Amino acid sequence: MSYLVISEEDQNFGHTKNAAADFYRANNVPEELECALAEAFFQNPEDVNGYLANYFAKLSPAPLISRLNGKEVYDSRGQRCVEAEVYCIACNKEKRTASATISSHLGLTTNIEERERHVMIAVQWITEPLNKMLEKHNPCDQAEVDRKLSEFLMARDLEAKEIRNKEKEESLSACEPEVELPSSPLEKKKEKKPDKKKKGNVSEKPFCPAEPPEPVLPGCLAIGSVSLAVAKTGAQITGIPLYKYIRGLKNPVDKSNFHMPVPLVTLLSCGKTSTGKLKLLEEVILIPKAGDQLKQIITMAMQLQQEMMKIVNTSAKSGTTQAILRDSGVMPVSFDRPEQAFDLITEACSNLELKLGVEIHLAVNCAAPNLMDYTKEKYEIATGVFKSADDLVAMYTTLIGKYAAVVALIDPFRKEDVDQWEKLSTSVGDGCLLLSDMTFKPHVPPLPGVKGRLLKHINEITVSELIHITGNEQGSLVLGTVCNEACSDDSLSDIAVGLGMDYIKVGGLRCGERMSKYNRLLCIEQELTQHGILVIKENHPPPLFIERVQIETVEE
14 MSYLVISEED QNFGHTKNAA ADFYRANNVP EELECALAEA FFQNPEDVNG
64 YLANYFAKLS PAPLISRLNG KEVYDSRGQR CVEAEVYCIA CNKEKRTASA
114 TISSHLGLTT NIEERERHVM IAVQWITEPL NKMLEKHNPC DQAEVDRKLS
164 EFLMARDLEA KEIRNKEKEE SLSACEPEVE LPSSPLEKKK EKKPDKKKKG
214 NVSEKPFCPA EPPEPVLPGC LAIGSVSLAV AKTGAQITGI PLYKYIRGLK
264 NPVDKSNFHM PVPLVTLLSC GKTSTGKLKL LEEVILIPKA GDQLKQIITM
314 AMQLQQEMMK IVNTSAKSGT TQAILRDSGV MPVSFDRPEQ AFDLITEACS
364 NLELKLGVEI HLAVNCAAPN LMDYTKEKYE IATGVFKSAD DLVAMYTTLI
414 GKYAAVVALI DPFRKEDVDQ WEKLSTSVGD GCLLLSDMTF KPHVPPLPGV
464 KGRLLKHINE ITVSELIHIT GNEQGSLVLG TVCNEACSDD SLSDIAVGLG
514 MDYIKVGGLR CGERMSKYNR LLCIEQELTQ HGILVIKENH PPPLFIERVQ
564 IETVEE
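Under this note's numbering, the residues of the sequence shown are numbered 14 to 569, in order.
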């Protein structure tokens, strides 16, 4: 009787072969391979291997976040900022899926060392605790990611408050209490009697001091940057543009068409940095007619600026500085009175045969909180010219009555001047909307008379919070940029379209950080037009546009 002798090598090979067969059967590879080959045969693609690769890529598990990376970059002003990078495992390979940089707003008085500390802590948060917290999370679950980010920020904020309270207690305990000496009878007789108020000042309301600035938690830049980077990753994984992805996050069942936000273009500036005496008009902003295409708006704004420069240069005396555009795309003008700025725009529109107040309107960013002189308790609207809040009410009312094209004022007062906000709203009625900057207090109710708000995507604001704010806000809401935008990130345009914003305030028509956003808006508009899903709000303009003629007719 003969025996078949099998070598150890053959035995190992047989075991490996059987194990491989079990492995592939357990993962349904033979069935899927048969389907893939059958489909490829009938489709007859030019690139068979590419077709098979795409087929099996669809069967791959959904990508999960493998790690986060934070690094220092520079914004448009050369200041340090934070970029958050998201890496995912897809098809057994780790790759960088998206990155995001959002603006910080630490205030003009923040020194370089303090800014660097904010950035350093943000980078540390991204690369260490946030990295561990979001590892293996689904990047398409934006709500869950943002919830974790917000909880992390709240915990760090509580820690910072506890440290501040402890330091305050230690400083108070270190101070020895002063011993009060008993006052002599002679001193008691010399005690000052309260001053009698004049009859005319009895009802006068005391000046309200400025509210303390909103504290900015060091490292909070990490929260907004990571949230946006995760949203961009989700859009990339699902294979749709960011604006469509954000629309789906806001309302998954909304299948309606899109509309483009009306871009508010800054034309000129007579603010604190201008060479003239006037400081009140920080920005004079062009509001184009709803329904105009973006190319038309940009061309019109450029022509209007060129015509204004031509008028200024023609009227300028020999040897004076010629009108030029700043890097911000805004023309600074040397004026002494607000009327001069509006007269210049009126003349330029007349020369170009543009119907001011019909085809285009104007908004003014007064930036009044920056003009308050707290020693005099008045606003310095021009060099050496001071006005109280009540004086400003009368001045604004006169200007709006004279220049009907002005339909919106942004921050005409400090937030503390509550009575004046209400007085001005009553005075101008529906002919002019009052807007306030809600960036630092998005959940605070609007001031009396305010029917619109300006919101900027900065610091710790997550994508989910933007969705929540825009869903609950009543009245006009403008999504705007800040002065130190990141040059390479044009996500603000997608966010504005995805959230269904009526307006977006990008700034002047110059430099990469702004033109990239205008160009992105242009691409989105073209894409929506090609797919037939762009709605033109021509017959139903957004609420910011006011037909002044109709209002005046009704009043008569």
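Some clues are possibly wrong.
Below, a list of computed lysine-lysine pairs in the DSSO-like style, where the Cα atoms sit at most 30 Å apart [what the hints assert, rightly or not]:
#1 K428 with K218
#2 K400 with K290
#3 K400 with K389
#4 K400 with K415
#5 K149 with K71
#6 K257 with K464
#7 K30 with K71
#8 K428 with K181
#9 K218 with K285
#10 K464 with K400
#11 K454 with K415
#12 K145 with K106
#13 K30 with K161
#14 K428 with K464
#15 K389 with K454
#16 K106 with K84
#17 K218 with K108
None of these hints come from the bench; they were simulated from the model.
Bear in mind that the values here come from a model prediction, so they are computed numbers and not experimental data.
Quiz item: Keeping to a limit of 30 Å between CA atoms, is the pair of K428 and K464 held or broken?
Solution: Distance of about 14 Å is within 30 Å: holds.
(message) Please verify whether K257 and K464 have alpha carbons no more than 30 Å apart.
(response) holds (28 Å)
(Q) Hinted pair, alpha-carbon criterion (30 Å max): K149, K71. Please report holds or violated. (A) holds (19 Å)
Has the given pair, K454 with K415, been kept, meaning a C-alpha gap of at most 30 Å? The given pair, whose Cα atoms are some 33 Å apart, is violated under the 30 Å limit.
### Task
Please work out if K389 and K454 have their alpha carbons no farther apart than 30 Å.
holds (27 Å)
Please verify whether K218 and K108 have alpha carbons no more than 30 Å apart. violated (62 Å)
*asked:* Hinted pair, alpha-carbon criterion (30 Å max): K106, K84. Please report holds or violated.
replied: Within the cut-off at roughly 22 Å; holds.
Review point. Has the given pair, K30 with K161, been kept, meaning a C-alpha gap of at most 30 Å?
Key: violated (46 Å)
Item checked: Pair hint outcome, K30 versus K71 [Cα-Cα no greater than 30 Å] -> holds (27 Å)
message: Against the 30 Å threshold, does the CA-CA distance of K428 and K181 hold or violate the hint?
response: Answer holds: K428 to K181 is near 28 Å, not above 30 Å.
Restraint check for K218 with K285, where alpha carbons must lie at most 30 Å apart
At roughly 29 Å apart (the allowed maximum being 30 Å), K285 and K218 satisfy the hint.
* When you check the alpha-carbon spacing of K400 and K415, does it fall within 30 Å? -> At roughly 20 Å apart (the allowed maximum being 30 Å), K415 and K400 satisfy the hint.
This entry does not satisfy hints 11, 13, 17, going by the numbered hints stated previously.
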